[in-house]
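Chains A and B, in that order, give the protein sequences.
Number 153 in UniProt numbering belongs to position 153 of the first sequence; there are no gaps in the numbering.
Number 134 in UniProt numbering belongs to position 134 of the second sequence; there are no gaps in the numbering.
No wet-lab data here; the hints were simulated from the structure.
Certain hints may be false.
Stated by the list, open to error - Okay, derived cross-link-like pairs now, DSS-like style, lysine-lysine, Cα gap no bigger than 27 Å in a straight line:
1. A:K476 with A:K112
2. B:K106 with B:K183
3. B:K41 with A:K15
4. B:K143 with B:K41
5. A:K11 with B:K147
6. B:K167 with A:K15
7. A:K36 with B:K40
8. B:K167 with A:K11
9. A:K109 with B:K147
10. A:K66 with A:K11
11. B:K183 with A:K36
12. B:K191 with B:K147
13. A:K485 with B:K167
14. A:K36 with B:K147
15. A:K15 with A:K112
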Amino acid sequence: MDTDLSSQDRKDLDKFIKFFALKTVQVIVQARLGEKICTRSSSSPTGSDWFNLAIKDIPEVTHEAKKALAGQLPAVGRSMCVEISLKTSEGDSMELEIWCLEMNEKCDKEIKVSYTVYNRLSLLLKSLLAITRVTPAYRLSRKQGHEYTVRVGTVGTPVGTITLSCAYRINLAFMSTRQFERTPPIMGIIIDHFVDRPYPSSSPMHPCNYRAGEDNGAVYPSVEDSQEVCTTSFSTSPPSQLSSSRLSYQPAALGVGSADMGYPVLFAGGLNAAHPHQLIGPGKEGGVPPTPSQPAHGTQADQERMCTPLDGVHYSAATPSSSEDTETVSNSSEGKCGSPHDLLETIFIRKVGAFVNKPINQVTMANLDIPFAMFAPKNVELEDNDPMVNPPESPETESPLQGSLHSEGSSGSSTGNTHDDFVMIDFKPAFSKDDILPMDLGTFYREFQNPPQLSSLSIDIGAQSMAEDLDSLPEKLAVHEKNVKEFDAFVETLQ
Amino acid sequence: MNCRAEVLEVSVEGRQVEEAMLAVLHTVLLHRSTGKFHYKKEGTYSIGTVGTQDVDCDFIDFAYVRVSSEELDRALRKAVGEFKDALRNSGSDGMGQISLEFYQKKKSRWPFSDECIPWELWTIKVNVVNLANEQERQICREKVGEKLCEKIINIVEVMNRHEYLPKMPTQSEVDNVFDTSLKDVQPYLYKISYQITDSLGTSVTTTMRRLIKDTLAL
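The shape of chain B in the complex, shown without the other chains (with noise of 0.2 Å):
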């Protein structure tokens, strides 16, 4: 099966590089979310309910609606804060991509691995811009926040194509579906990397720790 690959690009100012990649994210992770599964028996099973709520920016004109998890936003904060660091500290002129992959695990015999096999995947490209003076930032408050707007428009018209999705899997193959570690939500599996392209243009590629646990992992 081929993976669907979308990108999206920002242009932000430093100090709204995370509340603009974490819209993003929640956006596309609101619509990859479902509540947890209960299977009972004869192989039926019950969904929990998805919270929402309403996130406001203090550095963009901007507001979007996540799910309620904590624990899904600390994942999402933590990955995204580490993104920004190594944007930061990479000393490039500010350009990097961080991308959200959906995958299916399929179950290999012994000795290989799990297989790890995406279906979805999401790459926002990002240009952090330094600006001079208040005005320029104001400006760039209600630019970015419409720029925005745009991407979520577009997050939703991919996600109403009503493309591929895993299959509604049975009890024994939940997890290889779905991320079942959460104790409200229970989104697809994913996993959030991120590259930082260096002033040469090449891509310097750092991925967070979960990612090297999950291929390492036998």
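Looking at chain A on its own, in the form it has when it is part of the complex (with noise of 0.2 Å):
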């Protein structure tokens, strides 16, 4: 069997690839230029329109982009990495997408290289031409440089014209890095969160911090405003949760030939984040900032630790000179934020799974890049507060009644509740007599109301097995990937 190219098609091949890879850089760049594009058809084709789309060739762009590939091509190995950031006037930058091109070693021989391979590569430019606008960069590109002035008026005076004018953005970007330092990072884009979800297609577009907000009731008075703004946060990576992580990585860590594309750099509208200033409201009012609402069975060993950082927040943000209240206050929490610079990065390192209610000082954990950082062993405190591994417990021990108030208590208030509200009533069903069994109606219906918790769930088991199912899922994965001739045929026989 020819398992080897041709020397033909191995050039064919190549130069579909090196073309292939400078034309999405073009597509990439020019969706962020914040202009929109319109190409003529044409139905005679001209020969210098690869892949039959008419894609314009920025000069600086594909100089950028050979530079960068170095004469080389993306590779098994070698991938090409377009990154966009966003760049405030303040200097403050951020990257918002990273476009990975790379190549993985799983072969298709039969294919034939000239026609079919041509024309799927021509399809993916046109899928990527489509999905480029799909991503929230693209309206932030198309809005960047709009001034937004307002002139409020002038004075003319012997020397010379006074006149007083306003330039605002529309949307709240980030702050300086200090207030960053100390608001949790809302902004955050959840990367891992759609690694729970069975249907990927539906996943990746928005950050589950929201949803964690809505599902656990709003930790911070501010989550549910940013609900509507953080919906132009997203994540775009793929559904695979290897290729998920990588927004983790430091820019420096990324494939060989990153191309960093200086182009689309300005953006005057910058990316929604929380309002900080409504964080700061609720604690102004002095005295004990409203604790964060945990589940309210969950355990509260760690809740001490969990306020200090928003202590922080409240009491910071008020005034620029308690900095160094903040500065104690964050050295003491886990959170160990620590330079502004480190912790611009970690907003994007922030993993969390949907449906937690994690604490800022859990950000660290994620410093480690390693994928499913949240539930490494290492740590195991913090899982005492993760409602995923421990979730609220069903109201055994107390009557229903009052599960159901705490319940309503904890999601509906986002600025905290204590449990004073709350009156313990005992449930004393009519009726029931306890001669037989040593316990009564009430405590069998209490006990046995809900299902059992899961044994996995429980806190022991859980950390240490999913710990261990962690350790054991690049072996299975990689059994998984020698078996994909198999499954293949399995699906083809259910079409």
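Take the two lone chains, each set in its own frame, and fit them into one complex as the hints suggest.
So, in structure tokens, the structure goes:
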């Protein structure tokens, strides 16, 4: 069997891959320049339109891309990445998107290079055109450069004319890095959220942090607002978990030849973030800052620690001079928010599973750039607070009435509740006797009202088995990959 | 061969129906159109170039890419316009679906007419909602925009599975596979039809004149 490509095919394939890479960069960069693209169809081929698509070649972009590729082609183990960053006028910079062109070892020996591969590459470019308009960065880029200024007025004087004007953003970007230190990463791109979802196609659009807010009760008062605002945050990586976590890697770690596109860099509109001012609001009254509402039945042990970063938020943002307070506060917390620069990156690294009510201090965990770092056995105590591992206990020991009052309380009020508002009511069902069983009907009802907690979700077993599961994942994946052909054949039979 | 069928569902406000349908249909057709074929001797052919352009929606926070072909755009707008009118006039609670079907023609011997064999069917189910005030409309703009983003991702996912596509035809067969009537691009043969679900849940089938022409054409 001829397993090697003929030399002509090999040459063609290399050419296709090279121009595909260049065209990919063109499409992505042009989509982020902030202009509407319009190219004409032409029924007679011009010979320079690769993949039969009219994609303009901006010379600077081609130049940069070729420089980044450095004469090599994307190949197995050599990926090409285009990074789109947001730079505000304050000098803050944030990665918005990373587009990766990679190659893996799965070979299709029978495919015809000249026709099929070429046509499919063309289809892929069309898909890229469609997808580049779908991520939030597109809308941001279209808004960039728009100056929203209002002229208040002018007053003429003998020495000159006094003018007063305002330039404003319509979306609140992240503020100075100092404040960013304190705000919880509501901006957080929750990357492995869709790990939990069975249907990857519907998942990656939304960060799960605001879902966490909905499900467990808003921890931070501003989460509710940031739901609308955060809809422009995103995760664009494809559903595979491994590539999703790539967003967590520092740019330097990205594949060889990462093309740092300086092009669409200046976005006048910032990316939406929590309104820090709203975060200040409740705390400004002084006194005890609102406790983040935890699942009422979870362990309260670490609540102290979790409060403190929040304290920091409330107190610091109000007066810039109190920054030293927050330094100590944040140092004392597990959060270890280091330099602003570090935190800017940890914003992205925060990996939180779905429906997890995570306090800020758990961001450190994610500094270890391993996927599923949240679940690694190192910080076991963090898992105590993780409802995934330790779900709110069913109200076995309290009356169901109280249980329902509690759950309403925790999800309803975002400023936190104390249990003082709730009264313990003993559930005394009518006509219950306790002759035969030592248990009365009420106790029986309470105990067996809910299904028993899954053993896999109990703290001790849960943490360990999850860690073991994670360890065995690479092997399992390898086994599955070997059997890929079988699976494919099976799927074929189903069609 | 089995016809690949995909169903997408959207809930939109009345004003958004047209743009939402156009966005989806154009995205599908972007993937299912090539440049014009020019056959040369020896059975080889060259392919023209497909241009693209960005379209911004007025009633939805959304933008999409379509093929740069005015004829194709007109054809789609006409179909979607009829669908929208039918939805409005049906008096039902605003539910209907529009289908985009790609088919191949198979020539049959006389007296039988040519068979149309579908190989891909896209159905978009639409549910029209009525909103009470401006604030709801604003939220709807954004929500529908997000939903459409998801739909585009779904479409791209299906397209990139690289499943069955008709073989590239010879010059004599090209009209059985492609719609060669447009002057700048060449989509696969397609037809658009729609159904309005009336309030009883039964469907009242309405098809475009083009569809009728095709099936009755001998």
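Against the structure, the hints come out as follows:
| no. | hint | in the structure |
| --- | --- | --- |
| 1 | A:K476 with A:K112 | violated, 32 Å |
| 2 | B:K106 with B:K183 | holds, 24 Å |
| 3 | B:K41 with A:K15 | holds, 26 Å |
| 4 | B:K143 with B:K41 | violated, 53 Å |
| 5 | A:K11 with B:K147 | violated, 42 Å |
| 6 | B:K167 with A:K15 | holds, 24 Å |
| 7 | A:K36 with B:K40 | violated, 36 Å |
| 8 | B:K167 with A:K11 | holds, 25 Å |
| 9 | A:K109 with B:K147 | violated, 38 Å |
| 10 | A:K66 with A:K11 | holds, 18 Å |
| 11 | B:K183 with A:K36 | holds, 24 Å |
| 12 | B:K191 with B:K147 | holds, 25 Å |
| 13 | A:K485 with B:K167 | holds, 25 Å |
| 14 | A:K36 with B:K147 | holds, 22 Å |
| 15 | A:K15 with A:K112 | holds, 15 Å |
Going down the numbered hints, you'll see the structure goes against 1, 4, 5, 7 and 9, while the others check out.
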